[in-house]
Structures are given as structure tokens and as C-alpha cells.
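One line per chain: the protein sequences are A, B, C and D, in this order. Here the first sequence is numbered in the UniProt record's numbering, starting from 1 and rising by one per residue. Here the second sequence is numbered in the UniProt record's numbering, starting from 1 and rising by one per residue. Here the third sequence is numbered in the UniProt record's numbering, starting from 1 and rising by one per residue. Here the fourth sequence is numbered in the UniProt record's numbering, starting from 1 and rising by one per residue.
Hints are supplied without guarantee of correctness; some may be wrong.
[To be verified] Among chain A residues calculated to face chain B with C-beta under 8 Å, some are:
no., residue
1, W24
2, Q50
3, Q51
4, I90
5, S127
6, H129
7, G134
8, T160
9, D193
No lab work stands behind these hints, which were simulated from the structure alone. Because the structure is a prediction, the values reported are computed rather than measured. Here a beta-carbon is modelled for each residue, glycine too, at the ideal position from N, C-alpha and C.
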Amino acid sequence: MIIKGLLPMSIEHRDDTGARFGMWLFLYTEVILFSGLFILYSVGLAKFPQQFAEASHKLNIYFGTINTLVLLTSSLTIALAITAIQKNKIKLTLNLCFVTIFLAIVFLINKYFEWSAEIGHGIYPGSEHLAEMGPGITAFFNLYYFTAGLHGFHILIGGTLIAVVATLIAKGKVTSDRYTLLENSALYWHLVDLVWIFLFPLYYLIL
Amino acid sequence: MTEHKHEPVPFRTFILIWFALLVLTVVTVAVSRVHLGAWNIWVALTIASIKSSLVVFIFMHLRQESKLFKIGLLTLLIIVAIFIGLTFTDVLYR
Amino acid sequence: MNQLNNPTAQAVDNVLIYIFGFSLLLLLGITVVTIYFVVKYRRSKCPEPTSQVEGSWLLETIWTVLPIIIVMTMFWYGWSNYVGLREIPADAMEVKATARMWSWQFEYPDGRKETKLYVPVNKPVKVLLYSTDVLHSFFVPAFRIKRDTVPNMESYVWFQAPETGSYDIFCAEYCGVGHADMTTSVEVLSEEDYAQWASSATVSADPRGLIVLNEQGCIGCHSLDGTENIGPSLFELAGNPREIEKDGKTIEIIIDEAYLQRAIRDPDAEITKGFDPMMPAYDEEAINNEDLQAVVDYLLGKVAEEEPDGDRLMVENGCIGCHSLDGSESIAPTFKGIGQREVTIERDGQSVTIKVDAEYLRRALLDPNAEIVKGFAPMMPAADYLSAEEIDAIIKRLLQE
Amino acid sequence: MTNEPLKYTGFYSESPRPGILGWLLSTDHKRIGIMYLVCIVTMFLVAMCLGLALRLELIAPGPTIMGPQTYNATFTVHGIIMIFLFIIPSIPAAFGNLVLPIQIGARDVSFPKLNLLSWYCYIIGGILAVISIFAGGGAPDTGWTFYVPFSTQTTTNVNLAVTGALMLGFSSMLTGINFVTTIHRLRAEGMGWGRLPMFVWTLYSTAWIQILATPMLGITLILIVLERVFGAGLFDAARGGDPILYQHLFWIYSHPAVYIMILPGMGVISEIIPTFSRKPLFGYWAMAFSSLAIAFAGSLVWAHHMYASGMSDFAILVFSFLTFIVAIPSAIKVFNWVSTLYKGSIQLAPPMLHALAFIFNFAIGGLGGLALGAAASDIHLHDTTFVVGHFHYTMFGGTGFAFFAALHYWLPKFTGRMYNHKIAVISWGLVFVGFNVTYMAMQAVGVQGMPRRYYDYLPEFMPLNVVSTVGSWVLAIGLVMMFVNLWNGIRRGHPVGKNPWGSATLEWTIPSPPPMENFGEEDPIVTKGPYDYKGVVADEY
């Protein structure tokens, strides 16, 4: 019996597939969580197509693209980490985890600069400057901030999770034949990536 | 209660997929600079769907999992489609 | 449930009776069969079950298909009658209903505002629904109509009353502390009564000049609010310079009484720069000298604005909904005797007792939740949408209490 | 009545940790289930008192025992507690935890620690909800639906209440994840899908809704808090938002949530009726699939709460149609329960009485729902007390009675003692009569046109309101009697054996109360169906 691969109570009740299945179920709940915001987005887009395109132009496409590449690469490194631990290459696994965490931090720093620039322009939820630009643009930026903010929050959680797992790997508690915890953290990280894969074109690339 | 042990996916596969993802990202940015009207959004979503399937099936090992996982994912997608679709019966016809 | 023969109520009642009838039948059937089984197969009489049947595809198919057919008829009947609630007869009169916390205001096409909905008998009425703050819902049980009022969105209901009388209007969407008090009525008047009621409204408060401008269709080309139309706007003319073309030369003049009179009697002689000479001339047949003077006076702002009526404002804006005039207090302090009262208010967390004066009343109207009268909750909406004159009128009226 | 100590106390005494920590840190599904049960019953009693106060206020027009602001806060808190803290977790979290693993022959759920975590989420959510009543700003007064723009404007303590609801949603979601995994992965040998007790089937359907719908509540509530903090205008039409869209998001969760509430109750009834008829459940597969069908179709019909909201007429057409579809599987269930009685050997024990009352009440609730599902009739009934009566018929008359049935059915199993049957029957009678008087009168006054959430009403509505209030007193007396009787039973009732009712599901094959490891060292091997009563004899008690 294990919680997401955490220490088992008794060895004969271990159920890795069950733990992974539970994690997938949890990921479904995350998808629905974001889908609520995507519903708001799609309704906004249907109502204000021009304004959404106009607002999208105000976002910095370079930040967006770089962050996409960063996240895709971090997804790769954490996927590689699983193969590495399956092949019992502990050192490599750890290094790949660190790269992933590093990329997560790069992503957040990027986001920080991007947001400070926008907030500096007076574009943030509830700002008067935003209100002057009309309902469509306001709706776009409200959603942009809330969606990207929620996504950033997930990056934070995912990064922490991987850091915890890395410690456990270093301590020898997550090993080449008991690595469900790493697998589940990786699943979570891929979800964060998946959300961004949709977020990026919807917010940065509308024309 | 059957246990599914995954065979390790070779490093090479992951790197190839990663490369494909990078290419698709470049494509989606490039396409977005071409004016296609309402089609822009559909092209962008299609590319995003391809990218996410790559992530789901390869990076997330869904290819190796049992049918249960796949049916679950299908259910999820149907439900999300229903939520969005039925909301639009209101929004589009108001 | 006092009126049944109006079109909207009939549409709804048909469906209600159909569905409730079927439901009653089904409920009776289920209950009778259950009781019959329980009595017949009670353990004292049947110590062991006499059947171990696990199901019957035939029966289960029957009671899957049968309910499908029944409910589909209900669905279709319900829908087809609903359509009738949304399709407004072509000859319907329109009234604007505005809901705010916690009162209703009805505005007629001629600008008249009422707190009750007066309508003529046998005339379809389309009620356009607006809200100034939160969700409310316009509900008239007698006509079986209901529709939410949504801020910044327009919706509507319609009804037709075949008999005179008074019918309740409720707010059916929860909207805060005064929700249950947000009631008023539809007053259905006979055609003569309605005509009389309506004519008393046409003694318009508008100045004669404005009436002439409307009657003559001047407003069709000249706006009153500054927007440029086919002709130059009539907004704030007095004393302003204007470039005109006269005899092929462009000169600048100051708008005055004489200029306006010339511009109406012989418009083509002097054309405002940037406009085409297309305005018809109005001679004495069209506008007599008296009316001409009224128009010019109006355009130059020489007509004294009538002071707003404080009593009327308090009713129209729903103040009376929470602040009583008879001394009773539930939601908010009463207005009775407010002019001579001392009140204890909480301001920035401290209690202060002050004498009610014009300044206090102004603060209470414009920023009501900064100072709260002890014992009441901060919930009053700010009256900042009123004009300065209107605020003054309300304050003046309150101080007389 | 006896007062002798039980010789065997099962999981109550067998614990790796002694004392209160042995409970608060326990990952055993039975202990967690008992902890849920205690909290849930407490919450029910609190909210019941609030409900009584509401009814008392409505005994006459005008203010009687409270002012309008208090009244609004009372019905809001009544709703929040009853829905998020009582009904949603009542059967799945309390009885699901107690019974589900044993019924499928498992030692525990798949993720026992996660299970404990969801109990803590429940407790934290509950505490936040209770604090929100007393903390600064005043108790929330939005109604449990938190409709915008009112909920973003009111100065009362909405943020705390919403955060509480968010935690409760999280708790419900984690329980759902746990149950789906448990049912897929931990069934004992021989426990095929065709041998699952119907209670497990309904919990399985419920768990899927909990997973796929609850996050939508999460995001909706988060948006309310963000809106209140940043004032962004997400649902303000002037700033590009859409107030009606809030209602969509809210009901996308909250309508399926209605099925989270009722489905497990249907499961309980499907256990009790065969047991007390000693006959297999009629149409096993129809019952199983109708549970899944209700779960699925229940996710398609949310906007039938919004016919009068200003939604498009096309949406009303679609949602009205889908709403009638969802009536079918519910109808099938009712017919199959009644058919199960046919040629059985029916014993009117207290659980069975509650189950039969469930069928009656649920039929009224369900049939009343038809009038609300049809577009035209809903326009008149929407937001009147008819709706209040209707959902109390399904939620209280349905799930509430199923919960009482489950208490009378399973408490002897999990406490090892039997309550007094005579008092149980009398209290059942009072509850049944009181319930129907209260809510039938409420439905009737709603048809007359009295809007809901009205603190004050016109004099013409008074007679039926008086009837309803008097009914609420009968109901309350019956409920108090029932809980006192159950409490006395737990304290000093007759000890019972393994199987006092003669049921055939697995939980009745182990001692009462069950031991810590459920089935001991050997996992059970299942060889027969859940409703095969051949050779099953009820123990004397």
C-alpha cells in the first residue's frame, strides 16, 4: 500500500500501477481546473475576436517563445530522468532533475520580467489604464493574468515536488526498482508543460 | 491486480520527440505570422494538439499503459468537450 | 394564482397541468404497487421468498421506452409553450423596467417614470429589463412570467392582461437584504383610465422651446449633446464663436439671438463652415414669432431649469424601499424627523454623535458606507449617479422632515 | 437494553497508536469513516437548527424572530453546511469509507494517507466555514450559490466561506480519486464487476463525478476570491466579462454535484431492499448502468437552473431536452426497486422503512423535477419555494432518508450493538410525516408564486407557511428521537453478531465491529454474487 510511491506500509501491498493511475486521475482534475479558464477564454474570443488579437499583440512573443522552449526542454530532461533511474544511473538521474529545476526557475524569472514590464505599462487586473482600453482587451488581460498566474503556481509546486524527489533519490529512498514517486512527479511536470502548450498559442499567437 | 512494468524508453526516442516538439513550436509561431483569418486559431490548436499528444503518449508513457488509462483520458476529453460545447449553445445564440 | 385567462399564464398552466397530472398518476401507481407488495409479501405471511427472479429484459425494456416517450412529450409541450412566452405580439407597447437594490422603476417611452407598472387592459406589454447593480428577477405570478435583470445586459418579458386589477410583482433573484421588500405591482387600467393616466403625463415639464425643436424635427439633424450630425450641434451655443460663409466670404461671428433667428428664418444666407446648404427655411407659417423666441431662448440657455422634486426623486430612486417615512425601521434608519435628529455614526472605527445637517446628508448619499449609523449594516448603494441638482433637492426635502 | 461491555471491540481497540492520536493519525478506512460520521452528524444537527430558525421566522409575515440580514446569513450558512459539509460527504465519505473496502474484499483503500488528508481538508474547510460566520464583516449572505455580481460586492465574509468550500471540494475530489483507484485495483479474487454490490457501483459513478466536476467548482470559487481581491471585472459585462457565464461555471459543477449527493443514496437503497426482501436486486445490470448513465447524463444538464437567467433560447431547448433524458435512468431505478419487492419475504425493519420512504420521497422529488425541466412551467416555478421544496424532496427526502437508512443498517455492524427497534419505527414515522408536511406545503406555496429566499411575504401566503413551520417541528422531534435512540443503541444496545439482517455482501461475513485488518491474514475469495441469499441466515440479537 503506497501513497504515490511513498514508503509502503507493508511490502506485499505495493501497487505501482494503482499509484500511477491515481496520479492520472489527479491530473484529470487539474485539466478540468484549467478548462474552466479555457471556457472563459473561448467565450471571450468568440465575443471579441478583434480585441483579443489586438491585446495579444501587446504581449511579448519572445518571452512566450523562449518560455515554451524552456518548458519543452524541462519536460525532456524529466522524461530522461525516468529512463535513467530505470537503468539505475542514479547520478545521471539526479543531474537531470537538477536541470529540470533549473529550467523551472528560468521560466519563473522570465515570467517575472515579462510581468513587470507589463505592469509597468499599467496593464494589470483592475487597472484604470486597462479599463480605458475597452471590454475586450480588459477581458483578455484578466484571463491572461489569472491563467498564467495559476500556471506559474503549478510550476512552483512541480519544481518543489521534483526537488523533494531528488532529495529522496540522493538518500536512496527512491531507487531503480521503486521509482513511482519520480514517475508521478514527472507526470505532474508534463501536465504543467501540456497546459503551457495550449496557453502559448492562445495568448501569444492570436492574430 | 496486474502490475505493468515499463520497459525503459531509450534516451534517443525522447530526444527525437523533443526535437519534433521544438520544430512544431517554430512552425506554430511561423504560421501565426501568416494571416489565415479565423483559421489561425484552428491551425494553432491543431499543432498544440499534436504537440500535446506527443507529450502524453511518449513523455508520459501513456503508450505503455493499459487500456484503462487510455479510456480514462478519452472520458476526460469528452467531458471537457461537452463542457465547452454546451456552454456555447448559450453564448453563440444569445 | 388569481388570473388564468391571459395568454402567458395559459401557456404555462397547460404545461403545469399536463406534467403534474402525469406525475400524480405515476406517483399513485408506484405507491399503490409498493404498499400492495409490502402487505402481500410481508415476512409473517411469506417467511421465504417465492421467487428468485433476477430481472426481465422485457419488463425493463418496457419501462425504459415508456418513460422516454412520456418525458419527450413533456419536453416538447414545455418547449412549444415556452416559445409563446418569447414571441411578442407586433402591437405591444414597450416599458423599460430598471431594477436596483431594492426597488423597481418603470420608464415609459415619453420619459415618464413610475414605481408601479401602469398598463392598459387587453394590450400586449413588452417590459424591457435592466439592472443597475446586481441580478434581480422580474416575476409576476399572475402572468407566469419571470426573467432575470442582468447588469449591462438587456432582456425582456411580455404579458397581456385581459382584466383590470392589481397584480404583484416580485423580485425572484436573491439580491441582498431588501430582497423580500422588492415588490411592487402591475396596475391594469381600463382603456379610459389609462388614457386619463397617460394624458396627465403629457403635461410635459419640458420648456416650450424644446418641444418646438422636437415637433419640428430639428433634432433629426441637429443634436443637442454636441455630436456633429448632418447639421451643426445645438449644444452650448450662447456666446460661442462660429465661422460662417456669407456671400462667398468666410467670417467669424459670435452666436447671439439675432443670428439664431436669421439662421432659422433664412438658413441658406449664412452657412456654417463645413456644412452643406440644405436646411429648409422656417417662415412664420411654420414657426410663429412666439415659438421662435422660445426656441432661441432655449438654445441660448435662458430657460430656467425647473428644480427637481425631492419627493419624487426619493420614490423613483428607491430610497423609500429601505428608509421609511412613517418611523418604522428594519433595514435602514427612517426618514421621519431626520431633519431634527442627532445620529450616532461609526466613522473609521469610532462612534461619533452628530447633528444631521446638509453636509452630513450629502456625505451619506455620496459615500454611504464611510459613516454607518449605529445598529445598521453597511449596504446602501452610493447615489453618485444623481446630478448635483438632484442631490440638493433630496437634501432639501430631507431637512424639512 | 443491556449495558454489558462488548467482549470484542474490533478496530476500536486494535490500533498501532493509543488514545486520540490513534484516531487523528489513523490511516485505517474504518476509523476515518467513523471520524467523518461524527463530524457529519454534528454538522447536520447544526444546520438543522438553522433550518428550524428559518422556518420559525417564516411562520408569519414581517419580522418575527430575526432581522433580514440575519435571515439571509442564516439561509446561506444553512445551505453551505448542509450541502458542502453534510450531503456531499454524508454517504460517500462516511459510509463509503466504512463499507466500500470491506464490500470489495480489500484491507483498505488504495491511498490510506491521502484518505486521511482528505479528512483534514474536510475539517479545515468546515472550520473555515464556521469561522466565516463569526469573523469580521458578518456571516456570508450570498446564498450557497455565490452568484455574481452580488457575491463580489457584498461586504460580508464571503472570502473565508468560499475558501472553506474550496477545501471541502478538494476533500471530495481526493476521496473520489481514492475510490476509483480502489475499485479498479483492490477487488478481492473472484470479485468481478458483475459481483460488485450496487453500493460500490454507485460510489464508483459518484467518484468519477467528483473527479471530473469538482475542479470546476474550484476554479469558479478561486475566481470569486480573485475578483473580490483585484476587482478585475471578470464577470462584469461592462469590462468584457459575463455574469451569466459565472452561472454556467458554477452549475457545471453544482448540477453534477446533485448526483454526487443522490447516487450513493440510491446505492444504499439498492443494498437494503434486497436484504429485507431476501431476493436478488431486480435487473442488476440495468441498475449498474443506470448509475453510470446518471453520472454521465448528469454532467450534460447544468443549465436547466438558468432558464430565466437571460440565457439563449437555443440553450434552453438543448438543456431542457437533455434534462428529460436524465429522468430515464432514475425512473428505471425506481421501477427496479419496486419489482425487487415482488414475491419477496419483506421485513419492515427500520432500515427498510427508511428505504421505502426514500422511494416515495424521491419519486415526488423526481417528478417535481419534470415540471422544472420543461421550459414553460419552469419559468413560473423557478426561484420560488417550489424549487426549495423540490430539492429538499430529493436531497433530504432522498439522500437524507438514505443516510438514515444507512445509519440504521450499518451502525450495528460498526458499533457491534443494536438500537431499540420500536423507538426507531416511531421516530421514522414522525420524520416521514413531518418531512412531507413541511415540504409539500412549501411546494404548494411556491406554485402560488412565493419567491424563495424571502424573509417577508404577502399575507396571502401565510396559511401554507404556518403548515410548513408546524411540520418542521414534527420533523425535528422525530430527528432528535432518532438520533437519541441511535446514540443509546451505540452506548448500551444488545450486542449483535456478524450478520443481524441476513445480508449477503462481504461486510457481514466478518465480526461486528470489524477487526483492524478486515479479513485477517487471508484475503477473501469471492464465490457468489452480492444478493445471493441462499444459506445466509440472520443472527439472533
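Against the structure, the hints:
Here the hint on W24 of chain A is kept, as its CB sits about 6 Å from the closest CB of chain B, short of 8 Å. Because the closest C-beta pair between Q50 of chain A and chain B is about 12 Å apart, greater than 8 Å, the hint is violated. Below 8 Å, beta-carbon pairs count as interface contacts, and Q51 of chain A has none with chain B, the closest being about 14 Å; its hint is therefore violated. Here the hint on I90 of chain A is broken, as its CB sits about 14 Å from the closest CB of chain B, past 8 Å.
Interface hint status for S127 of chain A: violated, as the beta-carbon distance to the closest one in chain B is roughly 26 Å, over 8 Å. Look at H129 of chain A: its Cβ only gets to about 26 Å from chain B, farther than 8 Å, so that hint breaks. With a least beta-carbon distance of about 19 Å to chain B, the hint placing G134 of chain A at the interface is violated under the 8 Å criterion. About 20 Å separates the beta-carbon of T160 of chain A from the nearest beta-carbon of chain B, more than 8 Å, and the hint is not met.
Annotation: D193 of chain A was flagged as interfacial toward chain B, and the flag holds, the nearest CB pair being 6 Å apart, inside 8 Å.
The structure does not agree with the numbered hints 2, 3, 4, 5, 6, 7, 8 stated previously, though it agrees with the rest.
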